[in-house]
Amino acid sequence: MSIWEYANPKKFMQTSAWVLPWAVGLTVACLVVGLVWGFFFTPDDYKQGSTVKIIYLHVPSAMMAINAWVMMLVASLIWIVRRHHVSALAAKAAAPIGLTFTLVALVTGALWGQPMWGTWWAWDPRLTSFLILCLFYLGYIALWEAIENPDTAADLTSILCLVGSVFALLSRYAVNFWNQGLHQGASLSLDREENVSNVFWVPLLVCIAGFVLLFVTLVLMRTRTEIRARRLKALLARERVA
Amino acid sequence: MVIGVRNLAVARGGVTVLQGLGFAVAPGEALILRGPNGSGKTTLLRTLAGLQPPTAGEIDLAPETIAYAAHADGLKSTLTVAENLAFWAAIYGGPDIGPAVQAMDLAALVRRRAGELSAGQKRRLGLARLLVTGRPLWLLDEPTVSLDVASVALFAGAVRGHLAGGGAAIIATHVDLGLPEARVQDLDPHRVRIMVRDGFDEAFA
Amino acid sequence: MRALLLRDVRLAMRTGGGFGLGLAFFLILAVLVPLGVGAEGGTLGRIAPGILWVGALLACLLSLDRIFALDHEDGSLDLLATSPIPLEAVVAVKAMAHWLVTGLPLTLMAPGLGVLLNLAPAAYGWLVLSLLLGTPTLSIVGAFGAALTVGLKRGGLLLSLLVLPLYVPTLIFGAEVVRRGAEGMALGTPLALLAAISLGGVALLPFAAAAALRVNLR
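Chains as they are written, first to last, in the working numbering: chain A, 1 to 242; chain B, 1001 to 1205; chain C, 2001 to 2218.
Looking at chain A on its own, in the form it has when it is part of the complex (with noise of 0.2 Å):
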């Protein structure tokens, strides 16, 4: 039995809605958990007060931001070698959310800055670096909308993801060295030495599970609606035909 198996359109569906059920309940049960545990459990920060309480959004959908990128690059290079639509469907289906999480990071990245730093936007390298993340999200998901073959916008996609991301990451070299900013440095490393302290730690690592539990049902529920659509557009383009 090999992991192939499961680009298989209809074994992807078969297994899917069967996790499915479970993984939107974890990541209910995991958000509510993370999130109210945060807000409402946690001590104020001693300089930051109460505003600190949106590290529980804040921190978690940065993360994802990225992660959804990693995850489009990982689907564009298994369709590019292999050549599975489950897989290119699975990074189109993915973008909008990544997208979502950027711009979810930058606003509750505003939020919380006006009141630290006394401005809504700093040309930081963390903040700039989401900002031309977000760029990229637009242009891959302007570019799948734009073609109509999708075989043609799969290929496409998946080349632009490949060159995207070595510049994304220049990108992010580049602002660093453009500018030094405001922005703390992780607030999360293995090294527990430097992280937050423990009260507001363990229900960011739940928040941080429940986020990447949604992006993982989210990513699902829309790979099942792409792989839908485009099996209802063949049978409409088969009915024409007959």
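If you're looking for bench data, these hints aren't it; they were derived computationally from the structure. In this text, all values refer to a predicted model and were calculated from it rather than measured experimentally. The beta-carbon is built from N, C-alpha and C at its ideal position, and this holds for glycine as well. Treat the hints loosely; a few may be bogus.
[Unchecked claim] The list that follows gives simulated cross-link-like pairs (lysine to any residue, SDA-like), each with its CA atoms no further than 25 Å apart:
1. C:K2153 / A:E145
2. A:K53 / A:F40
3. B:K1122 / C:Y2124
[What the hints assert, rightly or not] Per the computed footprint, the stretches of chain C lying under chain A, defined by three or more beta-carbons under 8 Å from a beta-carbon of chain A, are:
4. 2146-2152
5. 2169-2176
6. 2209-2215
Once you've looked at the hints, dock chains B and C against the given chain A.
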């Protein structure tokens, strides 16, 4: 044999339009593809030219043998006739443009810009391009569109000259070219009437 | 391949229009910015490196869609794809032709516009050098974008959207070189990075662009 095709299937926009094609063309031979509009003549020629992959079957073809001429002639309107031809001659590292100009009766026009030519004259220039490629196999898509009777004869003469020199040609057309010696391949029996999408769309069926 | 380069340059010269437009745009920008920002020399001098780089970038953007679109419309692209020249080389040569008729003239024009914008005297050499190293990236990245959108109607807007984020590193390093040059700071790092992106782009992007063209010609 210049080109051999076995059990070939070609697709347009993800839909297979022709299947089970098999033919071979020897040096000195011309093959005429016949079929109604939409039967896949252009798609077949583009596949043979290597612009798109076949969905099934094999094409036996030595590299660097084909010269492809599509509906559009690929002429630059701001360049003169001579410049247009010289460009393609340089690209193919082919022979001098003189004989091609003579063969297509373009001598009086060499210094005119391609944009000032009539449709038939442009077509003749497009066909003259084939002569400067020096390639043995011509793939021609409706080569006589907008040519008058005299020019069609001119074109037939050029094809004959090419065949006599050991060349070969595959020509998609539905008009009489005045090439009675050419073999005719009817595409109609190979048309796919039931719609067969690629494997992905059939995976649920 | 020399024939293709000569043909593209000759076509650009004869048709004028699209490529001349970029230079005109660059000039207009350099004249309008002082009118909008104010004539105070200090402010102008400070923003001049950025304005000149952004101007060159936008001017370049104007003519990108012509790299492949014209050849696609008249059928030359199909014929080039079946010709003995590999498609990767076609991309590289056409990008180079684009650079010769936009990037290079923009580079040569930039010092003159620097005078209008009150650029610091120390920066002129660096301005020319950074544009000389950076504009080839603009052309080759543009050729990649043009290859992605070649079959599309109204591809121009999409092309700009696709290419814009890809231009970010070049713009940052390019403008940084000129800014540091103007302030007399060390600029080895951004200059080296600018050159590295150019070399990497010229070496690798023709393959990506050719792959995109093949897909579009299918």
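To see whether the hints hold, each was checked on the structure:
no.: 1; hint: C:K2153 / A:E145; verdict: holds (13 Å)
no.: 2; hint: A:K53 / A:F40; verdict: holds (9 Å)
no.: 3; hint: B:K1122 / C:Y2124; verdict: violated (50 Å)
no.: 4; hint: 2146-2152; verdict: holds (count 4)
no.: 5; hint: 2169-2176; verdict: holds (count 4)
no.: 6; hint: 2209-2215; verdict: holds (count 3)
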